[in-house]
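Visitor: Chain by chain, the residues:
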Amino acid sequence: MKILSDERTKSVFEKLAKFIGGNIKLLIDRPDGKYCFREHKDRVYYMSQAILDLALSCNKEQLICAGTCFGKFTKTNKFRLHITALNYLAPYAQYKIWLKPSAEQQFLYGHHVLKSGMGRITENTPKNQGVVIFSMNDMPLGFGTSAKATADCKHADPIAIVCFNQGDIGEYIRNEDTLI
Amino acid sequence: MDILEDILQKEAKKSEKYKTTDVEKNVELELDLGNLLALDTNDLNLQELKSHKEKYLLNLARDNTQLLLNKLWDLPSERREDIVVAKLPAGTLRLPREKPCPKPKPLTKWQEYALEKGIKKKKKTNAVWDDIVQKWIPRFGYKKAELERQKDWVLEVPGNADPMEDQFAKKAEKKKEKVSKNEFQRLRNIAKAKKIKVPKEGLPSVANPSSDLLNTAAKVARVSTASLGKFQPKLPKEKTLKENVIAPKRVKRDHSKISSIDEKSSHLKIIDSILGKKPKLDIEKAVNRQVFQEQHERSEEKKTQKSKGGKKRRKTSIPSKARKGGKISKPRVGKVNTKKGKGGVGGGRKRR
Amino acid sequence: MGRKAKFGEEKQKKGPGRKAKKQGDPSFPKHLKENVEKKLKSSRQRKRARIATQKLEAKALLKEMKKAAIIEEKKIKSAGKENEGIIKKQVPRKKAPVPVLKEPEDSEGEGTTEYSDSDEELQQSKAKKLTKTAKKSQASKKNLFDEDQSEEDDDNDEYEDNDLDIPDDDSESEELGDEEIEDEEGDEGSDMGEEEDEVEGDEGSDVGEEEDEDSNAEDSGDEEEDGDSDGAQDDDYGDSDDSDMLPIEKANKKLKKKMEKEKADAAAEELEMNVTTHDVFQFPEGEEVEKMEGLQDVQQRMKDVIMVLSDFKRLREPNRSRKEYLELLLKDLCLYYSYNEFLMEKLMEIFPLSELMEFLEASEVTRPVTLRANSLKTRRRDLAQALISRGVNLDPIGKWTKVGLVVFNSQVPLGATPEYLAGHYILQGASSLLPVMALAPQENERILDMCSAPGGKASHIAAIMKNTGVLFANDANKDRIKAVVGNFHRLGIVNSVITNVDGRKYSTIMKGFDRILLDAPCTGTGVLSKDPSVKTNKDQADIDKCVNLQRELILSAIDCLSSADKSKSGGYLVYSTCSILPEENECVVDFALKHRDVRLVPTGLDFGVDGFANFRQHRLHPSLKLSKRFYPHTQNMDGFFVAKLQKLSNKIPQSRKERRIEEAMENPEGSDKEDSEESQEDEKPVPKKSGNKRKMEEITKVIKGDKSQKKPKLDSDQQLPKGQKRHVQNVAKNRRNLFKMVKNRRNLFKVAKNRRNLFKILKNRKNLFRVAKNRKNLFKVAKNRRKL
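Residue numbers (full-length UniProt numbering), protein chains in the order written: chain D, 1 to 180; chain X, 1 to 352; chain W, 1 to 788.
Here chain D stands alone, though its shape is the one from the complex (with noise of 0.2 Å):
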């Protein structure tokens, strides 16, 4: 467990507010306790301040995992975003996409979501913006990135990519392994 250097930080911040914006001081500044960063293993955790303390009578080969894996550095020193942040990204999301339950599985298998399977999405979103995707029951399925602003969106193609697909559920199935 180490603290994250400030260019971490920073890149890891950047990466959270495409897609929950101010709301990452929620994060940190959280009234029920001290929540901090840590990297472990190239990997960022989130996680109170007991756990922390707790997890680092742990040595280094011993800890697998801490609190909430939000994603990992990656060998080019990029901040990836893993789908297990979707549980924080998902109440604090600015922009959002709901999805037909037809379109369900397929944004679960990993595909990008189609302006046929897209059943609603939050006004004003605009192109290339992080976006929380939903099942229609208010169920976060994934995020990715939109591919088209909303006023684009009502013109667009049936076939037309609405947002690429960055992280989905379905991720716990298919990669299990690379999860940590």
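Worth double-checking, as some hints may not be accurate.
[Stated by the list, open to error] Residues of chain X clear of chain D, computed beta-carbon distances all greater than 12 Å: (1) Thr-125; (2) Lys-135; (3) His-296.
[Claimed, not checked] To give an idea of the chain W side of the interface with chain D (calculated C-beta under 7 Å), a few residues: (4) Leu-255; (5) Met-259; (6) Ile-481; (7) Val-485; (8) Gly-492.
In case anyone wonders, no lab produced these hints; they're calculated from the structure. These numbers were taken from a predicted model, which means no experiment stands behind them. C-beta atoms are modelled at their ideal positions from N, C-alpha and C, and glycine is treated no differently.
Got chain D sorted already, so can you dock chains X and W onto it with the hints?
Guide: Here is chains X and W on its own, set in the frame of chain D:
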């Protein structure tokens, strides 16, 4: 009939002149047509050999050659420009060789890469047309260097660069680096071909090692004993070593208790800097916002029209203004940060 | 009868979860089924149908008679009320298929053969009464062919009866029997006297058949129910018929005589016809054991043997011991269910025979798929609705859990629905809910799951804790721990620390847990239906290995626990395995009880079977009854064991014997003399030794001589203080590493061989060398290039 006999006699004489093409041998020759080789395994007639050696050998050679030629005539032949041509089969006898076959040259790193990627070398012209000097300039060589010097009598200072920087020196440096890099790669390729291990630290096999290099090499050499240099006598004027040269550097685990308040505040600072960042000119975004707003207003208008029926159409000045303002106003709109720009209204207000 | 039907079984609970307890039919090999069908299609079936209709007629007749009897009784008797009740109860039993027509011949056959089974006789007698009037003529019609079939049926019936017997019933039935006898006494004194004689003399010959049967029923412990009912009926008849039916009886006696005549030839015939199917089991000879034709034969023999064992005194062959029967049964069971003999022996030790069969059958059937709703993300009702809308047919598991659901069938793969991926539920066996319920985690506690993979139980704990406190999930297997990570994140658990440590060494990392769940790795004998390979590939060595590991784990777990005097709510350890072998369960817990200051507490699970306090040669702690066992055949969940321990203090009780052994281990080189001295001193606890005394000892040792002095010194060298030892080890390790490095260096820097020369070069470098400046720059260029 005389004529006939005459002819026959002439023919006979002629044939006497030439020996027969038929040759009898006890053991068949081993013929290798590909190499035009005939091997005679018959015993030599020793008596003949002793009595008239030359003549005997000559005859023998002729006979064997005849056999070889007979075989050659059996090969399928064709006529090309009045010449009879036959194709020899592949030779069966392996001719010995003085030296081993040369091995293929080891590929350089680039060649390997090119091979893997299927990159093929393109033939380039020797000279390139230069628009500025209106001349054909060779790609390399002294002529090119000279022309370059002439051409670059003045250099542009790039937009964000330090005006006091010497661009010429910079260029020269670049060039030098390029050359040395090339040299380095060449050497590396040679080392690779000869399977020499180039050490990453210490004293690499450089022609002219630097002082730094030599210093570290000396330090390493000093501790490179079983006792880690403990019992190594000190050389005159040698300095004592402070740190252990070869021990791996220990990375400190920094989960030391940084107070969480500090951490939080520093994090918040970072977040503020991220959120407060001005995005680049995003024309598309501004256009999107504009389009959306126009649509919105139009729909509003329609609604009011429907509800108010034949009332007088109010002409809103905003859309026309926006249309006019177009490019000037857009950048400003784009600058509004994401958080503030949640609704289109904020942007609109600013424009007004 | 209604009473008879469900005696031995665990009654199915009413309400939700009832379906879950139902088991599908065990699957048998195909060829067996075919055989059965073939038989059914034979002409016998038709005959049976005919018999059935006749039976119905007889029943109608009987009813009339009964009515008459009851009326009469009411008139005559005031005290006959009890009997009436019994009659009413018995009416439905008549519906059971009874080979009505065969009895006259049969009875005689049995009269001759030694090993007659009482059940048959009973049925015959019953039938006789039913048909006393109706079927004298039909009696002769019967052929032997028919008999065979009916006898087989009888055997089956008996088998079931055997299964169902339970000691409680015994007493009950005996009471009933007594009552009946009293009644009879009141009515007819003469008969009664005879009957009592029979009771003592086991089997009478000359008496009327009714009485004969009654006596049998009372004799044999297994068939009490049948016996009772029949007896009761008989009584009714006796009451009512005494005067009316005498002529019929006479006729009956006539018939009997006839039968006796026929008996001789009939018996001869039977001997010929029944070569293959003995109506009573005969012990196979050496070769016969080996050459069994099909599994069906094996099954038949198993049933026979079990029947014999259930009433061993009566049905045994005189020269065969119980052991022989058991061995035969063991072999057959192994063959039929494809177990290895070792495991089957173990199972036979655990279960009584009837239960064993149930267990084996249940182990062949796969358990229903169950899932646990994740209370962190959803409620069970919502989840059930969502899944039902996806075409999944499910129900709550039972009243005992609020989060379990059992799936009957599903049109979609349950492991890939969006709800699953969103972490609304996890697929988990019903049995794995139990240890967590026993653990009863509270909010804001520090809890450890020592062997957590794949994380089902651990996530359940976290869900109960509502993501508060800290949950440590540990597993020694690095590959399996990935599943834990995946599941935890999927289920939205944020209060967890996942570690990969050998559980035996966990106390070196952290102590002071409020609760610990130890779901120890085991042989998996409770989950045979999941992993049938266990049936064949486990032996004593495997079990010993497991037991050793489990012992170490449980001690380590207790060490990690905070004791009850320090922790407010905690200090609890739940030990569970999916094995049913007592070696891995009760014995391990018993071991922990001996070696640590812990006590067993009730698990808080109100169903399941109590643990064994005694098992074979083991005499375990009596409180082990507080642990719970779960079997596939009783609860329709995997075989499971749960025990809950509470840690009282950090003390480690040590028996004197062990201490001595340990000390002996510490000083293996000490001379005999020293040993004797030390053993004397051993009596006193070590820390009490005062400084003076120790000095004295040392002095005496010095005086004794060099040899004795040297050896302890060596010892002390070996036993360095822990800190120093580690230091020495580290130093040694570093050395080794350094040597390695040095070696590498040497290879690399051949140039640097001659240090002196090198130094000279260094000195003269200004004159000698121009510096090659650009080397460092090269890398920069390379970097720039890449960027470009």
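Visitor: Is it correct that the beta-carbon of Lys-135(X) has no partner in chain D closer than or equal to 12 Å?
Guide: Correct as stated: the minimum Cβ-Cβ distance to chain D is 44 Å, above 12 Å.
Visitor: Given Leu-255(W) as an interface hint, is its Cβ closer than 7 Å to any Cβ of chain D?
Guide: Status violated, d = 76 Å.
Visitor: Can the hint on Ile-481(W) be confirmed by a CB-to-CB distance to chain D that is less than 7 Å?
Guide: holds, 5 Å
Visitor: Using Cβ atoms and 12 Å as the threshold, tell me whether His-296(X) really stays out of contact range of chain D.
Guide: Per Cβ check, His-296(X) is inside 12 Å of chain D; nearest 10 Å; violated.
Visitor: Please check whether Met-259(W) passes as an interface residue: C-beta within 7 Å of a C-beta belonging to chain D.
Guide: Violated - the Cβ of Met-259(W) stays beyond 7 Å from chain D, reaching only about 74 Å at its closest.
Visitor: The output says Thr-125(X) does not contact chain D. Does that hold with a beta carbon cutoff of 12 Å?
Guide: Thr-125(X) is indeed farther than 12 Å from all Cβ atoms of chain D, at 39 Å.
Visitor: Is the shortest C-beta separation between Val-485(W) and chain D less than 7 Å?
Guide: holds, 5 Å
Visitor: Taking the closest Cβ pair, is Gly-492(W) under 7 Å from chain D?
Guide: holds, 5 Å
In summary, the structure is inconsistent with hints 3, 4 and 5 from the numbered list given earlier, while agreeing with the others.
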